[in-house]
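Engineer: So the chains spell out like this:
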Amino acid sequence: MKTTWWGQIPSGIYVLILFVFIYLPVVVLVLFSFQDGLTPVPPFKGPSLQWYERMFENRRLTESLFNSVIVACVSAFTATTLGFLAAYTLARRTPRFSEAARYLLMAPLTVSYLIIGIGLLITFNLLGISKSLVVVNIGHIIINMPLCFAIIFSQMGDHQKNIERAAHDLGASDIKTLLLITVPILRPALFASFCIAATLSWDEFIIAFLLSRFDVTLPVIIFEMLRAGLTPEVNAAGTVVFAISIATVLFAILMSTRRR
Amino acid sequence: MQDTLVELKQVRKEYGNLVAIHSIDLAIEKGQFVVLLGPSGSGKTTILSVLGGFVTPTSGNVTIAGQDVTFVPPSKRPTVTVFQDYALFPHMDVGNNVSFGLAMRNVAKPERIRRAGEALTLVGLEGYAKRRIHELSGGQRQRVALARAIAVEPSVLLLDEPLGALDLNLRRQMQEELVGLQKQLGTTFVHVTHDQDEAMSIADIIVVINQGRIEDMGPPEQVYQRPTTRFSATFMGESNVVECGIEKDSDNRVIINSPLGRLPVDAQMNINEKAHVLIRPECLRVEKPACEALEIAKIRVTERVFQGAHVRLRGHCVNSPDQSLLIRTDMTTTLREGDETMIYVKSHDIVILND
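Residue numbers (our numbering), protein chains in the order written: chain A, 4 to 263; chain B, 430 to 784.
By construction, these hints were calculated from the structure, which means they are not laboratory data.
A portion of the hints provided could be inaccurate.
Said to hold, decoys possible - As a list, the in silico EDC-like pairs of lysine to aspartate or glutamate whose alpha-carbon atoms are at most 20 Å apart:
hint, chain 1, residue 1, chain 2, residue 2
1, B, LYS505, B, GLU436
2, A, LYS179, B, ASP522
3, B, LYS505, A, GLU167
To be verified - Reference excerpt, derived from the structure (chain B facing chain A, CB under 8 Å, subset only):
hint, residue
4, GLY495
5, THR510
6, ASP514
7, MET533
8, VAL581
9, LYS717
10, CYS720
Ideal Cβ placement from N, Cα and C applies to all residues, glycine included.
Kindly generate the complete structure, drawing on both the sequences and the hints.
Structural biologist: Shown next, in the form of structure tokens:
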């Protein structure tokens, strides 16, 4: 069956509508961050960088940006490390009840962040630990570890088993095999896991909002700014968040395709 | 020269209810090229894994060079395994793959590079040290796996069907090279395969394994010409195996009574025992040989297959049509389907197999 060019018009329109639906909010957000006026609402009054200037002069906002970067990196690194160790143990050592352990490890993926956040809030309260960025970090590790585990576990193929056996056979200790063979072979999966965890932590609001007090992350600041009123400065901050997320994802894709 | 290097004593391995190895005893002499031959699922790879330390036997002992290594992990054994899938380290270049074992033994870097270079030269990959693994062909990867194993100078090299993934010509070539390498190094090789041609062309000693038991063991000529069991007779190449009874004549000579007739043989057997006789297809003659030979039966040729260097005939006995025989004769034979001919065999080519 040969399709003529006009036969493809309906599907073309469908695709167009789909992408407009997905990207219109982002486009609007980014567009009005360049608004030359006091409110981010139409009509668009010509491009201006004044709100970005305002934003970078805002000490609290730049501090929170820095906090967000730290939390994203530390929590993603920890979640990836823990997820890797769990995946390695369950895939290679197959302890008793490994199947049950696998499901238990991944189950938190289905629990909403709000529930986890409230649970953490109550738990830390009981333990007498006050709210801080460290606690936010712990929260982000808890929500991201199941995902990191799932990503890495799916990449621990059986064909790598013999490679690890060969390393043992040639005299490598367990720890040397892990560091010299398993980790380098899994590097793409570990890297993907880190990037995804970092992006999720970077965007995460509810847990960060519930568990932080004086030092806060960028999404929390944006929420505070929103409560004070809608200004293009919020758009500018949102654009920065979005840009960094996209940059991380693109970087991850670039790194994983370059190695093939 | 009885210089036993590897010894399995009553080694048994069970997986749940499944018995992979039934209490076997096996002694391997130093410097031998031993081939464990058997069909898939026979337990030959499990035996190799027991030797390599990847599988701990349920009971029994493994001794290598006088040391009990039953519970010694692979990294502490004087063995190295070449895996079926080669198991090369994909993120390292060829040189680092080959010198990995030396690095784990804390050999200094210049020494490591020198010895890795030597190992690569031995397998015909001189100058490949900087290549990446994914740039190599299957045969080259095979050689790198070999070089990586011999670089650490193990006392026993274990090979787990290493030629299985190669095409026929390359496999033949690698078989020759393996034999050459083994003779040059003097290392004991234990090689697992299901290919009896491969086993016969490379082994000093063939160990035939079936259903977790050692069926037969010996030099290839002995295992082929004088197999001790029916399994090893039929597994090692084509054969005619015929059920028979045992009788004795007035001189107390053993006579086998089979559908092929009553044949006197040189063997120590008791009367009324049940047995099978084996006659290899190339031992059956369609023309009476110059030396003394037995007439066994008149056959009618039912199938003639040209196989290059020889012709393979299938015939049925004229007197007992249920009995078919396989004959390998030279390509000049004029026999065609439907022809009848007398078949001869030399007495010493008849092998009696105990049931």
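Engineer: Work down the list of hints and note, for each, if the structure agrees.
Structural biologist: Hint-by-hint comparison with the structure:
1. At most 20 Å may separate the alpha-carbon atoms for a hinted pair to count; B/LYS505 and B/GLU436 meet this at roughly 17 Å.
2. For the proposed pair A/LYS179 and B/ASP522, the alpha carbon gap of about 18 Å is at most 20 Å, so the pair holds.
3. Restraint check for B/LYS505 and A/GLU167: the C-alpha separation of about 15 Å stays at or below 20 Å, so the hint holds.
4. About 21 Å separates the beta-carbon of B/GLY495 from the nearest beta-carbon of chain A, more than 8 Å, and the hint is not met.
5. Interface hint status for B/THR510: upheld, as the beta-carbon distance to the closest one in chain A is roughly 5 Å, under 8 Å.
6. Residue-level restraint check for B/ASP514 holds (minimum Cβ-Cβ distance to chain A is 6 Å; threshold 8 Å).
7. The beta carbon of B/MET533 comes within 4 Å of a beta carbon in chain A, closer than 8 Å, and the hint placing it at the interface holds.
8. The interface hint given for B/VAL581 holds, since its Cβ lies 6 Å from the closest Cβ of chain A, which is under the 8 Å cut-off.
9. For B/LYS717, the interface hint is violated, since its Cβ never comes within 8 Å of a Cβ in chain A; the closest pair sits about 57 Å apart.
10. Violation of the interface hint for B/CYS720 is found here, the shortest Cβ-Cβ separation to chain A being roughly 54 Å, above the 8 Å cut-off.
The structure does not agree with the numbered hints 4, 9, 10 stated previously, though it agrees with the rest.
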